[in-house]
Amino acid sequence: MNGLARFLKKFGILFGRERFRVELDEEMAFHREQAERELLAGGMAAEDARFEAMRRFGNATRLRERSQEAVGFSMETVVQDLSFALRQLRKNPGFAATAILILALGMGTSVAIFAFVDAALIKPLPYAEPTRLVDVTESLALFPRGDLSYADYVDWKRMNNVFSSFAAYTGEGYGLKTATGTEPVPGLRVSVEFFRTLGVAPLLGRDFENGDDVAGAAPVVMLRYSTWQKRFGGRAGVVGQTVNLSGTAYTIVGVLPRDFEFAIRDNAEFWAPLQPTSECEKRRSCHNLIGVARLKDGVTVEAARAEMKRIAAQLEGQYPDSNRGQGASVMGLSEAIVGDIRPILLVLLGGAGLLLLIASVNVSSLLLVRAESRRREMAVRGALGASRGRLARQFATEGLTLVAAGGGVGLALAYAGIQVLQRLISQDMMVNMPYLRGLGLNAHVLEFAGYLAVLAAILFSITPIVHLRFSKMREGLTEGGRGSAGSFWRRMGANLVVVELATAVVLLTGAGLLGKSLYHLLHLELGFQADHLATVNVGLPVPEFAKDEKVVQFAREVVERARNLPGVQSAALTSVLPVSCNCNTDWVRFVGRPYNGIHNEVNEREVTPEFFTTLHARLRAGRFFTDDDDASKPQVVLINEAFAKRYFPGEDPIGKKMGNTELTPKSIREIVGVVEDFKDASLDEEQWPAEYQAFLQNPDSYFSLVVRTGQDAQTVLPLLASTIHQVSPDAAVEAGTTMTQRINDSQTAYLHRTSAYLVGGFAGLALVLGVVGLYGVIAYSVSQRTREIGVRMALGAQRSSVYKLVLKEAGWLTAIGIAVGLAGAIGAALLMGKLLFGVRAWDAETLIGVAAVLGVSAMAASYLPARRAASVNPTEALRAE
Amino acid sequence: MATKSDLLPGTLDMLILKTLKRAPLHGYGIALSIKRLSEDVLTVEEGSLYPALQRLLLQGWVKAEWKMTETNRRARFYTLTAAGRKQLGLELSQFERMIAAIGRVLSDAQEA
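Listed in order, the protein sequences are those of chains A and B. Just so you know, this note's numbering puts 823 at position 814 of the first sequence, and the rest follows in order with no gaps. Just so you know, this note's numbering puts 22 at position 2 of the second sequence, and the rest follows in order with no gaps.
These are computed hints drawn from the structure, not numbers from a lab. Just so you know, even glycine gets a beta-carbon here, dropped at the ideal spot from N, CA and C. Honestly, I wouldn't trust all of these hints.
In silico lysine to aspartate or glutamate, EDC-like type, Cα no more than 20 angstroms apart, as pairs [claimed, not checked]:
| # | chain 1 | residue 1 | chain 2 | residue 2 |
| --- | --- | --- | --- | --- |
| 1 | A | 18 | B | 85 |
| 2 | B | 87 | A | 660 |
| 3 | B | 83 | A | 316 |
| 4 | B | 83 | A | 306 |
| 5 | A | 654 | A | 679 |
| 6 | B | 87 | A | 32 |
| 7 | B | 83 | A | 679 |
Chain B side only, calculated, beta carbon under 8 angstroms to chain A, not exhaustive [said to hold, decoys possible]:
| # | residue |
| --- | --- |
| 8 | 47 |
| 9 | 48 |
| 10 | 59 |
| 11 | 67 |
| 12 | 68 |
| 13 | 70 |
| 14 | 71 |
| 15 | 74 |
| 16 | 75 |
| 17 | 78 |
| 18 | 90 |
| 19 | 93 |
| 20 | 95 |
If the Cβ cut is set under 7 angstroms, some of the chain B residues that face chain A in the computed set are [to be verified]:
| # | residue |
| --- | --- |
| 21 | 65 |
| 22 | 66 |
| 23 | 96 |
In isolation and in its complexed conformation, chain A is listed as follows (with noise of 0.2 angstroms):
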């Protein structure tokens, strides 16, 4: 029986105490029993036999007790090894900081990137069980998940039976007279089975009712808890209230719960039953709203998708000319919440995983180190009795000590790390991700840490104690002992070294090709000029601006006010600024073309005629739009050049008309001109077909003011809601913001930023800590061999052969470590797909970088001690003998 297994075997008695006392009790009191039912066989009396047994039994307390210290840790011991620990690291407090440090890092980054994954990816939804709610919305081969139309919605609702509750919900602007003025608020419009699908009711006043969505029944509304205490100072008579919203009375019906959220939308402050009112709910053809339902028990997700493609594929037949090509996609809501960001999460997890482990590895080696230079004590205490169970338990607690600093340090790091972490996120992004609220060191997180402080403090006292184990304690006794503890060491060493430098290239790489992927994503062509951009969202009240000319009387006045600021240099309006998204598509249909029903889908926007000059948006063929392309006139239009690529290859587009899939008459439009591509979607995404159409012949209720400023176009911000009010003071204006600043802002730039900053940090680490390691093997190896070199050299050997010597050992190691990390980079690159723009996971520009950055990092940190190795004086190192 060894010391560790005795070490554990005490281990589990100290956490089994209660059962161990119970055992100990029942058979004692078992053998008092016996004793005493002999004692009345032979005849004495019971009082007296009774007496008798205990007697000879003895004192069981104390007999008890001793039991216990037989098999428990004497309390003092332990105080002892303590404190010489403590006094260990004292004594040494460059070691004690270096590994505290270290550990302190890795953990705090793991434990901090893990709320972040506990918040978004492991805590359930805040709905009652919310494992049975999906996300149900229809799809195309172009949009996986669509939005689903209200007509389609009805329908689904009431052919499927595999959802207990259907609902669906919309985002929609208000505009919310204030004593200011008419602020912007956000609200949904949702249907009235919404709450109850996801197992939410009112704090105050009742749910949305039967009846409540249906077209001209009374308007009611829904607070958000915050808006309540906000804009209704919390009083409970809220109920019944009436609110002006966009020009409609609203009556107030109930409040929601304060934790209640809604991550796709969590900013929404107005809740109001969904009725079919609006232009686009009333054909089937125009899709806004996304489902969500619960699934009859006994129902799994897949089931729900097969049953709604039947249903959809069968609303095909019956609709072919609105609903062709239009499928269903149904899946787990958290997944249609936090799809977006888990691979982000768990690539950033990872590399805080590998960040960790190379710190462990880095402790582990320094105590190895530590545990070499300590053999002559640990010989003289073995000497003089310790026990190797004794000595284990030294190295034990000072591991656990070591541990316990370090852990209590990174909990602190990971603390600043999680505040930073989430102070980075902006407001707009916050609104996708209510569950990443107010974060910190929940139980959940703790725990984590508790389990990585557990491993850890595991790895550093098994670490030592094998140290131990295979080294002869009688040779740390005898004068320059060089025998297999050493060698142990050096092989043990070097192979903990090439999995630091191999995991520092896996996490190079990782950095390497998300920088670069940042890189392409700030650098990309946008097709037009994006500084000296000021923007601002504008939506006008509906009843007000029922007519679409008062809504171009509006626009024509603000944009010759805007252009006339100073510093202004020109103005336009667009119903969707560039940079946006893939989405406020059309359906377009060529004149004198056979029609075969196919969707040419397109991004459809509507611009004023200064837009494409304000954005120095190239004209490729044709024209711009004039002041005189209105409503007086023939419809016209410009496309850009996919556009023209993908429907006229080949021909001029010039002079061709198009409509909508009817070809109805008020739906034809002419090409006027043709425009240079620039980026209407997102970042990431791909260049689509785009058509621009005349705002002054299609306005809108809801666009976006931009212009062109000669200075800094931050300041020009704060004139343009006061020009659009002084228009109309009813106008809703959103906080405005800079082109650049809206790209620099954006999800996608957002995700690609922290990804590589933060890769790019634990990958810094990890060179530091992986070449820090290599610098000790390679040290360490020289002060072994110092007398070898010296006989080398006495023999004639040249300092540059010394050299060569040394820098061997350590080319070899990089040289593995690099070739094992390089795999291993690629697997993982290969795990990151979406994460990486514009470069391969196999991106040999990369790799090759990352291999010479270690390779010259390596070599130089092995020079140090080639150099003292090669400066050795044979005669001293020989007399040293």
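Since the structure of chain A is already known, use the hints to place chain B on it.
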């Protein structure tokens, strides 16, 4: 009734191991057996068996198992392990050497 000091230090473990070599026994059985075989000369404080048994368990020289007695009572039975057998051999030979040495010293003292 002998007190703890009546036994040579370390001999209790040996006696227990020796007793268990014949057959697995519970604590009371061990005490009884030692008393009977030594013809009442070696009567240990019966309870002190139990700390010793815990020590032996921890060393892995004996193992314990809850079983039913003939009288249908639950009791913890101890069995000698292979390591315990080896340990017993070691202790016996050491003990014999020591007894022999003591014997030699004593006989020498008588002659003087």
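Taking the closest Cβ pair, is residue 71 (chain B) under 8 angstroms from chain A? holds (4 angstroms)
Does the closest beta carbon of chain A sit nearer than 8 angstroms to the beta carbon of residue 74 (chain B)? OK, holds: residue 74 (chain B) within 8 angstroms of chain A, min 4 angstroms.
Agreement of hint residue 68 (chain B) with chain A interface, Cβ distance less than 8 angstroms: This hint holds: residue 68 (chain B) lies near chain A, its Cβ roughly 6 angstroms from the closest one there, short of 8 angstroms.
Going straight from one Cα to the other, do residue 83 (chain B) and residue 316 (chain A) come out at no more than 20 angstroms? violated (62 angstroms)
Holds or violated: residue 96 (chain B) as interface residue toward chain A, Cβ cutoff 7 angstroms? holds (5 angstroms)
Chain A contact restraint on residue 48 (chain B) - CB to CB distance below 8 angstroms: At 4 angstroms from the nearest chain A Cβ, residue 48 (chain B) passes the 8 angstroms test, so the hint holds.
Hinted pair, alpha-carbon criterion (20 angstroms max): residue 83 (chain B), residue 306 (chain A). Please report holds or violated. violated (52 angstroms)
So, as I understand it, the hint says residue 65 (chain B) touches chain A; can you test that by seeing if any CB pair is closer than 7 angstroms? holds (4 angstroms)
Regarding the pair residue 654 (chain A) and residue 679 (chain A), is the alpha-carbon distance no greater than 20 angstroms? holds (17 angstroms)
Given the proposed pairing of residue 87 (chain B) with residue 660 (chain A), does the C-alpha separation stay at or below 20 angstroms? Judged against 20 angstroms, a Cα distance of about 96 angstroms means the pair is violated.
Given hint residue 47 (chain B) near chain A, where the shortest CB pair must fall under 8 angstroms: holds (5 angstroms)
Go through the hint on residue 67 (chain B) and say holds or violated, using the shortest Cβ distance to chain A against 8 angstroms. At about 4 angstroms, which falls below the 8 angstroms cut-off, the nearest Cβ of chain A leaves the hint on residue 67 (chain B) intact, so it holds.
Hints 2, 3, 4, 7, 10, 18, counting from the list given before, are not met by this structure.
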